[in-house]
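> For reference, the chains in residue letters:
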Amino acid sequence: MQKSLQDNLFSDLQTLLGERARDGDFELGLYGKDGSVLEGRPSIVCLPQSTSEVQEIVKICRRYDTPFLARGSGTGLAGGAVPIGEPVIIATAKMNKILEVDLDNRIAWVEPGVLNLDLSNELLPLGFHFAPDPSSQQVCSIGGNVANNSGGPHCLAYGVTSAHIAALEVVLPDGQIAQFGDLTADGAGYDLRGLFVGSEGTMGITTRIAVRLTQNPPEVRTLLLDFADVRDGAAAVSAIIAAGLIPAALEMMDKRAIEIVEAFVNAGYPTEADAVLLVELDGLPGGVEYGVELVRSVATRHHVGNVRVAADEKERALLWKGRKNAFGAVARIKPDYYLHDTVVPRGKLVEVLEKVYRIADAHDLIAINVFHAGDGNLHPILAFDSSEKGVLERVHAAGRAIVTASIEAGGVLSGEHGIGLEKRDYMGMLFSAHDMATQDLVREAFDPDGFANPLKVLPTGSRCSDSFGQHVPDGAWV
Amino acid sequence: MPEEISPEVLAFATEIGSSGLVTVAGGRTQWTVGGSPLEGVREVTAPSGIWAYEPEEMTVRCGAGTTLQELSAALSKYGQMVPFDLSPSATVGGALAVGRSGYRRLRYGHIRDFVLQVRHIDHKGQVVSAGGPTVKNVSGYDLCRLMVGSLGKLGCLAEVTLRCLPIPQTSKWLTGRQDPFDVFAKLYRPSAILWDGDQVWVCLEGVSSDVEAQSDLLDLEETAVPPRLPDRGRMSLAPKALKTFDRPSGNWVAEVGVGVVHMEQPNADPAISNINLSLMRELENRLDPGGRFNPGRKVLSE
Amino acid sequence: MKKTPFDLAIPVEDISSCVSCGLCLPHCPTYRATQEESASPRGRIALMRQAQRDSSIDDAFVGFMDSCIQCRGCETACPAAVPFGSMMEKTREALATQTSYQPRWRRFGYSFLGKPRLLRLGSIGLAVLQRLRMVPRRLPLPKLPFVQKALIDSGSDVWLYTGCIMDAWMRETHLSAQRVIESTGAGVKFPLKGASCCGALHVHAGLAPEARALAKKTMASFPGEAPILVDSAGCGAQLKAYGELVGTEEAEVFSRRVMDVHEWLAERLEQLPTTQEPRPKVVVQDPCHLRHVQKAHESVHQVLEQYVDLIHLNDDGLCCGAGGAYATFHPEVAKEVRERKLSLIRSVEAEEVASANPGCLLHLQAGGVRVRHPLEIIDGLLTRES
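Protein chains in written order, with numbering that gives the first Met the number 0: chain A, 0 to 477; chain B, 0 to 301; chain C, 0 to 385.
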């Protein structure tokens, strides 16, 4: 951007936001990254506190022909919040109030910066929670969950974010404020709400969200099953579901993951096992009891070692702590990691897992697997040390091979992380050019000029009005 | 490479072609929702048949013209279901195009949340795929959600992949006179609470000990069948609004906790804000610029 | 902003161990107060990385580093075991050495802590001003005594560390600790002349050489092999880190002798006298340097649970904002951080708060809740019995 133009843009934003508009060198660097390994750089960072401030920022950006990008907690793993083309960052973290809890309608109105787990903790005494629970639950924001249609272990039983959003207030890319969806049963017209959820900030910025509240289950049981052979574990996953049970969560960890996680939490994970399954059953006591016995008997048929049932809430929390912190714990073996997110049919889990190990070996990388087995959502982690020469090319190549293997097995590109920047250029593996052109037609109805989070989700070329530069920037893999 | 498209879908695309008005007929069970189809328009029906059903994946792929009866028959062999609760002669595509959930939505959610993948034929007569075949998928924009409730105005549904659920071990209806909102507050995830202003019907599902324990919380008698739902009119309210709403004349049955009211009296569609209306019109113009699909029926009133 | 040269040398394996997952963010008191990346551990590490790469910094960088409370709650939350505390200490030390980060007046202030007699004199002066109502009430000061009760050795089984400000202002706590220790049958010995400040505040401020000098004085005043018990979480954490700070075998040996007084008591629960009902309801605040650094907070719980109905706060041990000298230099942030803790405390039904760190205790007290050291609470109950 031209220097004088940038100065004017900044001064207008400063007039609006005061010290909550930032352009310091160090601070801009901080907002160039999210939880992925990708990196870009914004031109300015804005920290609004209200819908009207977000609206004004968008309008100012439009006046200066500058793209913008909404950011929540910055924990996304697909680079969805990584700024490309020097956009203005609109960080919604300060908009973090729970505005209203409406038990009659079983919803809560929240601002986008409310943290997922903070909301559920706040609702706990009322007997409700917000069902989507990504691994980053303690830090990810509800706004980010909406943008990415986030999942989490319990989505196996309760569905992903989309099913839990009743309505959204949105600042559209032209600066108008709209509400998509409402508290009524069906809403009116086309489902703009459903379309907006998962659109990764390319259709506007959500500033108020009505989330559905889910009743806390009266009974919860968490089981840890260990298997001497990862194949038995994976087969047990399919068998549990085929037996007609939908656990609240069904998670799997391979040997290396067990070792790393155990070193961190000391939860008593069996480090000699080849794989463990973490199974959670919830609901009314009869159904839970029935489920526990069913899991036991199915697992026995698949040569389970031990079946450990968490004795109390403390043990249960400990078992989950390991699972939820697994990705970060990887840094104990290598300084960098690349986390993939693909989905394959449950029946193909073993086949794809074995391919993942082979791919990692072939590229001289370490693969660690911790994932939502119940819905076939694989999360292979490639651990590496970026200071090794040429390692990034290998990581990149292995990642592509893993995605290819998943899609060949009848899977999809992403279960919950979204497409962002990371998988943008893989979209063609799953969709035809015409499929993507149709998606782009729909996106353009909201943002014809491509100002909202430009260059994300769809590969360049599938959009007609590509005004902000080229590919993933140099150094994006650092 | 993207998955291959089945010959039935390709044939349907050819049949729709790239010009001329087209009306897609399903089971004609909700034929006049959004207005009666324009007469004299070429009528097509989507292909039918269960094309891929893997019980251990709990997903089923079928032609959009498949009837719910056929779908249920295939799924129930393996103890599974898709809880649409509509007329058995309705088609899967028709049910989704209309986008009205059945009476067990309270527990199972909106029917759109059962849709994993949709293939539709666009105004150029080309196949468009959206979503993915797996239980969890966030690859790209969610055109599936957009198609549900679109009355086929944005494209003709050709093939859908749905998520299935196990059929509950026990299913029980109770009825009597008890405050429906009290009932709602007492129960853990009931399947349905219906109320006609006087009598309340409750559907409980699960393992039998749980169903018994839950029904013990209520002061209701067991009954064999749910009430008949009036189907000429339908109001969509917030769940809370049922407590105080202006009761319609004639028979009506409300879905407590959901907000739908089934009525004898037809009623006007709720208003849509101008901003939303212009976005929706923009979507119509972009996806069916010639207004080829389902003339006469409207999602957006004039 | 003007850049100045800066030489930061954090080992690469430390600085690259952060994968920027962000799990630390909600456990960082300053991020919680501001929701700004620059006030988060992840952000601060990224800033250090940039400073190290560019070999230059600006005033904004100094401000971001200075805003850290050094509670080390992020270390507990970090699944990758990033050594944030030591990285921050290295950065502060580099700032103190290479920039005007610690101006002369502050260094002078810190030097007071190592001079017990001056500190005592100053405290008497403050006590006078307090009586004349010339000290603002919002300052986190206890009621300062004119005359101090004497500390009298009762044996030589254990040492009881006394420290600097705590000894000048809160000697009653040491006396309570002594009585509780004695109730198990052990004799207490107080440090020899020359003992002084542990140096924790100096380390936080980046004044490592000063801290090392204090460490040497302190080590010399606890001869022998008897355990050194500490009733201040912040001091205990520092004494346990002398091995690292001083880097000698002697310091390692010394650090291994140091225990939080509750750790020592928790090993002797059967020897502790019992009390009659009723048991008061007490909410426990885990000082960061006990929970996140020493990881010894559960021993406080164990000891307290012998005497009171203990209520825990559901905040994963989020910092209260005291942070040694932090509340003095950053009153606004400290207050905002404290507000979160206070609202949690007010949401539970308890008669008082137990805090095993004098800094937290005074900071919370200034927020308007009744706070006492766990051993003062227990001493009070035991005295009631006799």
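Watch out, some of these pointers could steer you wrong.
[Unchecked claim] Result set (DSBU-like, lysine-lysine): computed pairs, CA atoms no more than 35 angstroms apart in a straight line:
id: 1; chain 1: A; residue 1: K96; chain 2: C; residue 2: K294
id: 2; chain 1: C; residue 1: K142; chain 2: A; residue 2: K96
id: 3; chain 1: C; residue 1: K192; chain 2: C; residue 2: K280
id: 4; chain 1: C; residue 1: K142; chain 2: A; residue 2: K313
id: 5; chain 1: A; residue 1: K58; chain 2: C; residue 2: K192
id: 6; chain 1: C; residue 1: K334; chain 2: A; residue 2: K320
id: 7; chain 1: A; residue 1: K354; chain 2: B; residue 2: K76
id: 8; chain 1: A; residue 1: K313; chain 2: C; residue 2: K280
id: 9; chain 1: A; residue 1: K2; chain 2: C; residue 2: K1
id: 10; chain 1: A; residue 1: K58; chain 2: B; residue 2: K297
id: 11; chain 1: A; residue 1: K320; chain 2: C; residue 2: K294
id: 12; chain 1: A; residue 1: K388; chain 2: C; residue 2: K294
id: 13; chain 1: A; residue 1: K313; chain 2: B; residue 2: K76
id: 14; chain 1: C; residue 1: K216; chain 2: A; residue 2: K2
id: 15; chain 1: A; residue 1: K93; chain 2: C; residue 2: K192
id: 16; chain 1: A; residue 1: K93; chain 2: C; residue 2: K2
id: 17; chain 1: A; residue 1: K388; chain 2: C; residue 2: K334
id: 18; chain 1: A; residue 1: K320; chain 2: B; residue 2: K185
id: 19; chain 1: B; residue 1: K123; chain 2: B; residue 2: K185
id: 20; chain 1: A; residue 1: K320; chain 2: C; residue 2: K1
id: 21; chain 1: A; residue 1: K93; chain 2: C; residue 2: K89
id: 22; chain 1: A; residue 1: K93; chain 2: B; residue 2: K297
id: 23; chain 1: B; residue 1: K239; chain 2: A; residue 2: K96
id: 24; chain 1: C; residue 1: K1; chain 2: C; residue 2: K142
id: 25; chain 1: A; residue 1: K254; chain 2: C; residue 2: K294
id: 26; chain 1: A; residue 1: K96; chain 2: B; residue 2: K297
id: 27; chain 1: C; residue 1: K1; chain 2: A; residue 2: K93
id: 28; chain 1: A; residue 1: K96; chain 2: C; residue 2: K114
id: 29; chain 1: C; residue 1: K2; chain 2: A; residue 2: K58
id: 30; chain 1: A; residue 1: K93; chain 2: C; residue 2: K334
id: 31; chain 1: A; residue 1: K354; chain 2: A; residue 2: K320
id: 32; chain 1: C; residue 1: K89; chain 2: C; residue 2: K148
id: 33; chain 1: A; residue 1: K320; chain 2: C; residue 2: K280
id: 34; chain 1: A; residue 1: K96; chain 2: B; residue 2: K185
id: 35; chain 1: C; residue 1: K192; chain 2: A; residue 2: K313
id: 36; chain 1: B; residue 1: K185; chain 2: C; residue 2: K280
id: 37; chain 1: C; residue 1: K280; chain 2: C; residue 2: K114
No wet-lab data here; the hints were simulated from the structure.
> Take the hints in turn and mark each one as holding or not.
We went through each hint and held it up to the structure:
With a C-alpha separation of about 32 angstroms, the suggested pairing of K96 (chain A) with K294 (chain C) holds against the 35 angstroms cut-off. As the CA atoms of K142 (chain C) and K96 (chain A) are separated by approximately 38 angstroms, the hinted pair breaks the 35 angstroms bound. Proposed proximity of K192 (chain C) and K280 (chain C) is contradicted: the alpha carbons are some 40 angstroms apart, above 35 angstroms. A C-alpha spacing of about 41 angstroms is found between K142 (chain C) and K313 (chain A), which places the hinted pair above 35 angstroms, so the restraint is violated.
Taken as a hint, the K58 (chain A) and K192 (chain C) pair is broken in the structure, with Cα atoms around 69 angstroms apart against an allowance of 35 angstroms. Between K334 (chain C) and K320 (chain A) the CA atoms are separated by roughly 31 angstroms; this keeps the pair inside 35 angstroms, and the hint holds. The suggested pairing of K354 (chain A) with K76 (chain B) holds, with an alpha-carbon distance near 34 angstroms, which does not exceed 35 angstroms. The hinted pair formed by K313 (chain A) and K280 (chain C) meets the criterion: a straight-line CA distance of about 22 angstroms does not exceed 35 angstroms.
Of the supplied pair hints, the one linking K2 (chain A) and K1 (chain C) holds, its CA atoms being roughly 18 angstroms apart against a limit of 35 angstroms. The suggested pairing of K58 (chain A) with K297 (chain B) holds, with an alpha-carbon distance near 34 angstroms, which does not exceed 35 angstroms. Distance hint between K320 (chain A) and K294 (chain C) is fulfilled; the C-alpha atoms sit about 18 angstroms from each other, no more than 35 angstroms. For the proposed pair K388 (chain A) and K294 (chain C), the alpha carbon gap of about 39 angstroms is over 35 angstroms, so the pair is violated.
Annotation: proposed proximity of K313 (chain A) to K76 (chain B) is violated, straight-line Cα distance about 42 angstroms (limit 35 angstroms). Restraint check for K216 (chain C) and K2 (chain A): not satisfied, since their Cα atoms lie roughly 57 angstroms apart, outside the 35 angstroms limit. Restraint check for K93 (chain A) and K192 (chain C): not satisfied, since their Cα atoms lie roughly 52 angstroms apart, outside the 35 angstroms limit. Proposed proximity of K93 (chain A) and K2 (chain C) is supported: the alpha carbons are some 29 angstroms apart, at most 35 angstroms.
Distance hint between K388 (chain A) and K334 (chain C) is unfulfilled; the C-alpha atoms sit about 48 angstroms from each other, more than 35 angstroms. Taking the CA atoms of K320 (chain A) and K185 (chain B), the gap is near 32 angstroms; set against the 35 angstroms cutoff, the hint holds. For the hint pairing K123 (chain B) with K185 (chain B), the CA-to-CA distance comes to about 53 angstroms; that exceeds 35 angstroms, so the pair is violated. Pair hint K320 (chain A) plus K1 (chain C) does not hold up; C-alpha atoms about 44 angstroms apart against a cutoff of 35 angstroms.
Among the hinted pairs, K93 (chain A) with K89 (chain C) is consistent with the structure: their alpha-carbon atoms are about 30 angstroms apart, no more than 35 angstroms. Among the hinted pairs, K93 (chain A) with K297 (chain B) is inconsistent with the structure: their alpha-carbon atoms are about 42 angstroms apart, more than 35 angstroms. For the suggested pair K239 (chain B) and K96 (chain A), the alpha carbons sit about 23 angstroms apart, so the restraint of at most 35 angstroms is met. Only pairs whose Cα atoms come within 35 angstroms are accepted, and K1 (chain C) paired with K142 (chain C) is rejected, the gap being roughly 45 angstroms.
A hinted pair counts as satisfied when its Cα atoms are at most 35 angstroms apart, and K254 (chain A) with K294 (chain C) qualifies at roughly 29 angstroms. Straight-line distance between C-alpha atoms of K96 (chain A) and K297 (chain B) comes to about 39 angstroms, which puts the hinted pair past the 35 angstroms bound. Proximity of K1 (chain C) to K93 (chain A) is assessed by CA-CA distance (about 28 angstroms); at most 35 angstroms being required, the pair is judged to hold. Between the alpha carbons of K96 (chain A) and K114 (chain C) the distance comes to roughly 48 angstroms, so the proposed pair goes past 35 angstroms and is violated.
At roughly 33 angstroms between alpha-carbon atoms, K2 (chain C) and K58 (chain A) fall within 35 angstroms of each other, so this suggested pair holds. Restraint check: the Cα-Cα separation between K93 (chain A) and K334 (chain C) comes to about 18 angstroms, which is no more than 35 angstroms; the hinted pair holds. Taking the CA atoms of K354 (chain A) and K320 (chain A), the gap is near 28 angstroms; set against the 35 angstroms cutoff, the hint holds. Only pairs whose Cα atoms come within 35 angstroms are accepted, and K89 (chain C) paired with K148 (chain C) is rejected, the gap being roughly 40 angstroms.
For the proposed pair K320 (chain A) and K280 (chain C), the alpha carbon gap of about 30 angstroms is at most 35 angstroms, so the pair holds. A C-alpha spacing of about 29 angstroms is found between K96 (chain A) and K185 (chain B), which places the hinted pair at or below 35 angstroms, so the restraint holds. Under the criterion of a C-alpha separation no larger than 35 angstroms, the hint pairing K192 (chain C) with K313 (chain A) is inconsistent with the structure, at around 47 angstroms. For the proposed pair K185 (chain B) and K280 (chain C), the alpha carbon gap of about 33 angstroms is at most 35 angstroms, so the pair holds.
Taken as a hint, the K280 (chain C) and K114 (chain C) pair is broken in the structure, with Cα atoms around 39 angstroms apart against an allowance of 35 angstroms.
In the structure shown, a violation is registered for the earlier hints numbered 2, 3, 4, 5, 12, 13, 14, 15, 17, 19, 20, 22, 24, 26, 28, 32, 35, 37, in ascending order.
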